[in-house]
Each structure stands twice: as structure tokens, then as C-alpha cells.
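Q: Spelled out, the chains give:
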Amino acid sequence: MTAERDPHTMTRRQLMRHSAWFGAAVVLTVAGGEVISHVAGSAETANAAATARPTLRFAQISDSHIGFTGTANANVAGTFTEAINQVNGLGYTPDFVIHTGDLTHLSTPDQFDQVKQMLTGLNTPHIFTVPGEHDSIDDGGEKYRQAFGAGTRGDGWYSFDIAGVHIIGLVNTLHLTKLGHLGADQLDFIQKDVAPLSSDTPIIVFSHIPLFAMYPKWGWGTNDATQALSYLKRFSSVTCLNGHVHQLFTKTEGNVTFHSGTTTAYPLPHPGDGPAPKPITLPAGKLHDALGIREVSYTKGQQALALKEQTLQ
Amino acid sequence: MSRHHRSLTAWPVAAVAAAAILLVSGCSGSRPAPQGPPSVNFGSGARTTPGMTGGGSASASAAPPSATGSSAAPSAAAGPNAVNITNFAFAPAALTVPVGTTVTWTNHDEEPHTVVANDNSFHSPGLGSNATYSYTFTTAGSFGYICSIHPFMHGTVVVTR
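Those sequence lines, one after another, are chains A and B. Per the numbering used here, the first sequence starts with residue 1, numbered consecutively. Per the numbering used here, the second sequence starts with residue 314, numbered consecutively.
Incorrect hints may appear among the rest.
[Unchecked claim] According to the in silico footprint, chain A covers these stretches of chain B (three or more CB under 8 angstroms from chain A):
no.: 1; segment: 423-431
no.: 2; segment: 462-470
[What the hints assert, rightly or not] Cβ-Cβ distance ranges computed for the label pairs, FRET-style:
no.: 3; chain 1: A; residue 1: S230; chain 2: B; residue 2: H436; range: 27 to 35 angstroms
no.: 4; chain 1: B; residue 1: H421; chain 2: A; residue 2: Q247; range: 36 to 44 angstroms
no.: 5; chain 1: B; residue 1: A404; chain 2: A; residue 2: L197; range: 48 to 56 angstroms
In case anyone wonders, no lab produced these hints; they're calculated from the structure. For each residue, glycine too, the CB sits at the ideal point set by N, CA and C.
Isolated chain B, as found in the complex (with noise of 0.2 angstroms):
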């Protein structure tokens, strides 16, 4: 906005002020601004509300996190039962394996990710860096699975006889 104040500036101040003093004075009409803080209105029939009420003593960090990632591992090569996770991509995105074999996904990227079948048939917890999730295929099938965080991450598993 300010970039646009063409030629205003060649105006006496005196005579901005006014103008801006009366604009203010009449635009805001009859109504002066609230003094205090305005309340909220969750509704009728809210006996609980949304939100939380803040405390205002900000040196009240709490304890750091403990270690997470249910079943962090050292990351694994890539195998014939191996899935990488990296760049936000399962690869291989397409893996051929027979009916009985347990296949191991390991995140490598910074962002967690997850594995969850599309048929809900199998679903990891949230994978961090480094961490694994394995799962054993019974069936023979055609298994497409997303990671859940970043559903446009798409993998399948084709399990055969």
C-alpha cells in the first residue's frame, strides 16, 4: 500500500491530518472502538468449549522429547524384500514377491511417512528417519498402499503363488 500513495506527499501535513482525523471521526460513525477484549461466543448448548486458555509464562518449556520411532534400525540395502523410502518415493514402487514373504520398508528422508495398504489390509505407525516396518504377505494379490502423511505417495506390492 504505502507504494501507492502517489502524490500525497505534496500535500501540507496539516491538511492530511485533518482529512485523516475527520475520515476516521466518520467512517467509525456513532460507534467508538471497543476498549476491551471482545468475549467469545461458542453457541448455545456448548458445555464444553473449543480451545484452551493460555497461562502467559512463556519460560514454561516443557521437558524435551524422548526418543521416537517405534522400531528405529540401521538403514537396510535395498533387496529383493526391501522397499526404500526416499525423496517422498517408494522405491521400487512396484515390488513382485512370493506368497509368505515379509517385505521391509525403511524411511531415509527426514520426514516421517507411512505404509498403509489401501485396503487397510496393512498400516504402519509413523516411520521417522531410519526407522523400518515389515510385513508379511499370506495372500497372493495385487497390494497398493499410500503413505499416509503425503497421500500422493503411491506404492504396490504384487504378492504371487
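The shape of chain A in the complex, shown without the other chains (with noise of 0.2 angstroms):
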């Protein structure tokens, strides 16, 4: 760990020290009309001064469920372009967009087409996508590869480097038993990927299904994830954003950090509340308040990300 240390990299020590101080920058963001609306964990984690760009930062969306007709939301078309208008209005050209997933509801060829139409209305210089389960019904992701999986490898899984963070999209919507599945290939890719890289290195995962067990009884968790962060363990910063529950919610195990996003087509109940995830039918005018997008940004030296959430307006 040593060896390859960053010389502009704090110690866990300093950052420690750093947070303590970063108190009253926080206290100036939030004088200044920057309302950080979730900071992930504790003491360790403080937000970035507003006025510095970031190292990085990228808005997710996710489940926008197009070719979805019910009550649940009458146009999911709709909603999906005011949330990628929104992307565009953030005042600043975001690095990337993930979408965590479920971009169609039936994969059908009409579907696909659309919204990677759709997609192409963001101004970002760079979309990726993982796939949902809605995006593999019938084919094991055949047609989610030939719209969206150029340039990725096995089932649809791939790996960059931007601005000193390690990204890995990950596919486990596939060969599903009874939760989210990865699988030997993908898992060996997993070691072998991260195998080279220093343990300092900020980790970010995405994927549709929660990679830790939300709510196993309605298929929200993924059978091997627990091997697959196991690779990950080593890293001191690991962030782990999925899709598929509708709704937002945020687990820290260990060194890893999960947060499940919203979506842009309809609501699904809390884990539990009723007998099903089915969609909910809000009354009138309330489904805006359930839908949102995400920004996510990470400063050089911290250790947790910082992520907003903004309901969609």
C-alpha cells in the first residue's frame, strides 16, 4: 500500500483531521444556497467546497421503463425526457450519465430504439448503461447487447478509468434463479480487472439489481456478490449504485457503500408493504415527487462520494 501511495493522497489519519475540519466548509456550502441533500456516512465524509469542480462528477438515471402502459404512470416517455432535461439543466456538462438499468419494460426492438434515441438528448460526452431484467426477458440480453453493448465484453460488462476512478458496469439480470446473478466469467473479469490496481484507487460499481440484500423475498439482492466484493475489499473506497427497487435507499458494509436509486417511470413499494413490487398508482400530482434524478461527485482525497438527489420537477 505504501509502494505505489499517491503523494497527494491522505492517509486515513489526515483524513480524519481533514474531516474534522471540512465541518466548517460544510457550514459555508450550505450558507451559500448549496443544500447537499445526503452525504453518505459520518465523520469520515465531507462534501467538497462548492466553489471547486470536482474530480469528478456524473448524474445516474435509471428504470425508466419505456413502453410501460398502466396507471402507474401514463407516460413514461414523458417523465423520461423532463428527466434527461433536467440532466441537461444542471449547469454544468456532467461527465457521464450511467442508467442503472431497466431502460425498456418488454425489450422489444420498438423499445430499444427509442430510448436510445431518447438517450441521445443528453449533453454529456459519454452514456452508459447496464441492463435490467426488463431488458433481458426472453434472450438473455441479446438485444440490450445489439443496442447498447459495443465495446463491452462477455454479457455486457465493461471497465474504465476517468479522472483516477475505477468504474466496472456490471450485468446481473442474467440466468436469475431467484435473485441477481453474476457468474463465473463475470467474477473471474472482476479479480483480474482490479487485480492491477492500487488499493487507494476509488472503486465505483454499477449495476441494475442491489448487489447487497434489500429485500431477497422480492429478488432485491444478487446470489455471488459477496464473492465479487470480496475483490473489492482491499480498496478503501468502494461505492456500489443500482436501480431496479425504485426508490432510494443506502446500506454501508464495511468499506462498501450501496445506494439504490429512483426512477423515472413509477414507484414501487417499500420491501415488504404489500404482497407484491408492483407499481403504485399515486394520487394525482404526487408522481413527480416519487421520480428523480442523481448527481454524484467525488473530490480528489475523499473517501465517500458525494450524491444529490433531486425529485423530478
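Take each chain as given, in its own frame, and dock them per the hints.
A: What follows is the structure, encoded as C-alpha cells:
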């Protein structure tokens, strides 16, 4: 760990001192009108001063379910367009935008065409995706990969580096038996992919289904995620962002923080609330409050990412 | 975070500001914040790269989807050869029929479901609301199946001679 340490990277002890100081900066940040609605962790995490450009900033959108027809949302294309416009109106250009799956509702060629065309409306240099189970209904993800799989490996997984952060996009919606599933080939990919990285490289993992056991009874977990996360244990900062559950939820396990994102289509019940994860039809005028987009930023030297959730406006 | 700012409000504003400025310049080390967008490195040997490029014209709203559901039909009442899919469950979860029977599944949920045999001997497409799928059982045996989208949904068809 010491051999490859970047001289600009703080030790944990330095970070603790740093965090203690940073309380003041957060107060200034809030006083300046910038309200950070959510920062993961507690004392060890701190948000960057609002003035500097973060090292990396991107947006997450999820679960657009293009093609859904039902009372829960009469116009999923309309709300997805609003979400895209909201990302374009952030006031800066995100370094990339990630869509964490369930792009389509029924994996039809028309739906893939439509959502792909809509995504090109995002004002960003890069758009990344991972498939949801709705994108791989009856063909093992073949149509998904035709639309979005260029340059990916295996069943559609990939990784890249940006601004010193290592990012991994996973596919856990194939070969399901009850929960999400990664499979031996993908686990092997993850192990080899991170092997050359120094342990202070921040890691961000995208998947559709949560990599933690959010509610296994409804399939809200991944049966071999523990194996994948074991390869990431030595890293000081690991953040997993997922969709699938159509609601915000955050959990920390050891060195890993999981953030479930919301949807641009329709809400689902909280875990165990009712018999099944059925779309919820809200009273008129309430839908937008359940939908949203997420801003994520990382500032070099900080362990945790800063997340900012926005409801759809 | 903002709820835990303790007694900082008692500090003179100027002192807080000064501390923050010192802090920001001190903590960021000698490396200034990058000005331009960071570049993406997909690793060696990548001729084609994952992802796509945004265009920035959000008004490019695509045409509405055409009707989906390969075999939409009026919902049938549950009969001796019928399985209803309601509230993310197959009903009846276990169905017994003689050889040669055609079993029809009907999805009554807003969510799509599939009917996929554990041994892959039958496999429906995605069934939208009120869509149906039929399969004729020509051999005796017990056939477990799931919804491949929601694999916690289980059912069995027992085929007797």
C-alpha cells in the first residue's frame, strides 16, 4: 500500500483530521445556498467546497421502463424526457451519465430504439448503461447488447478509468434463479480487472439489481455479490450504485457503500409493503415527487462520494 | 451534515471563512482542481468502447412505442387448463392435467411476466398486461417453472397419463 501511494492522497489519519476541519466548509456550503441532501457516512465523509470543480461529477438515471402502459404512469416517455432535460439543466456538463437499467419495459426492438434515441438527447460526452431484467426478458440480453453492448465484454460488462476513479459496469439480470446473478465469468472479470489497481483507487460499481440484500424475498439482492465484493475488500473507497427498486436507499457494509437510486417511471412499494413489488399508482400530482435523478461527485482526497438527489420537477 | 454543525455559528463569520480558505488551499495540496472534463480510459486494446455519446438535443423525443404483447387476449376465467398470474404469483401454483392438455397462462398484472420451465422445455416471451401464453404438454411428468423476470415466482404443472 505504501509503495504505490500517491503523494497527494491522504492517509486515513490525515483524512480524519481533514474531516474534522471540513465541518466549517460544509457550513459555508450550506450558507451559500447549496444544500447537499445526502452525504454518505458520518465523520469520515465531507463534502467539497462548493467553489471548486469536483474531480469527477456525473449523473445517474434509472428504470425508465420505456413501453410501460398502466395507471402508475400514463406517459413514461414524457417523464423520462423531463429527467433528461433536468440533467441537461444542472448548470454543468456531467462527465458522463449512467442509466442503471430497465431502459425498456418489455425488451422489444421498438422500445430499445426509442430509449436509445431519447438518451442521445443527454448533453454529456459519455452515456453508459447496464441492463435490467426488463431489458433481457426472453433472449439472454441479446437485443440489449445489440443496442448498447458495443465495446463491452462477456454478457455486456465493462470497466473504465476516469479522473483517477475506476468504474465497473456489471450485468446481474441474466440466469436468474431467485436473486440477481453475476456468474463465474463475470466474477473472474472483476477479479482480474481490479488486480493491478492500487488500494487507494476509488472504485464505483454500477449494477441494476442491488449487490446487497435489500429484500431477497422480492429478488432484491444478488446471489453471488459477496464473491464480487471480496475482490474489492482491500480498496479504501467502494461505492455501488444500482436501480431496480425504484426508491432511494443507502447502506454501508464495511468498506462498501450501496446507494439504490430512484426511477423516472413509477414507484414501487417499500420492502415487504404489500404482497408484491407492484407499480404504485399515486394520487394525481404526486408522481413527480417519487421520480428523480441523482448527481454524484467525487473530489480527490475524499473517501466518500457526494450524492445529491433531485426529485423530478 | 448540516444538522450537525454544532456551535460553529458562534464563530465570527470572517474567521470561519478564513479557516475554510486555508483549509481548501491546504487540503488540496499543490494540485489545482482540473479545469476541463476528465478523459475516459477504457484500457488497452479497446478498439470499440462501451457507452455512447450524448447529443444534447433533449427535444429529440422519439416516436411512441407500438403496441406490445405478442398474444394479447381478453382475460380468461381460471379453468382446469388455466393459470392466472396475479400479484406476482401463479394461481394455481400447482396444476395437474392429463397428457395432451394445452395450458394457458394469463398475466393480470400491470407488470410483465414470463413462463419459463426449469428444464427450458417451454419458454414464453414477455407477457404484458392481459397477454396469454399457451403450451401443450405431450409427456407425463412434473414441470416446475418460474417467471424469469421475477424468479421468486414459482409454479408447477404435473402431467399425468
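Q: Taking the hints in turn, state whether each one holds.
A: Hint-by-hint comparison with the structure:
1. With 4 residues having a beta carbon nearer than 8 angstroms to a beta carbon of chain A, the segment 423-431 of chain B meets the requirement of three or more and the stated coverage holds.
2. Counting residues of the segment 462-470 of chain B whose beta-carbon sits less than 8 angstroms from any beta-carbon of chain A gives 4, enough to reach three: the coverage restraint holds.
3. Separated by about 34 angstroms at the C-beta atoms, S230/A and H436/B satisfy the suggested range of 27 to 35 angstroms.
4. Distance hint check for H421/B and Q247/A: the Cβ-Cβ separation is about 24 angstroms, which falls outside the suggested range of 36 to 44 angstroms.
5. At about 50 angstroms, the beta-carbon gap between A404/B and L197/A stays in the expected band of 48 to 56 angstroms.
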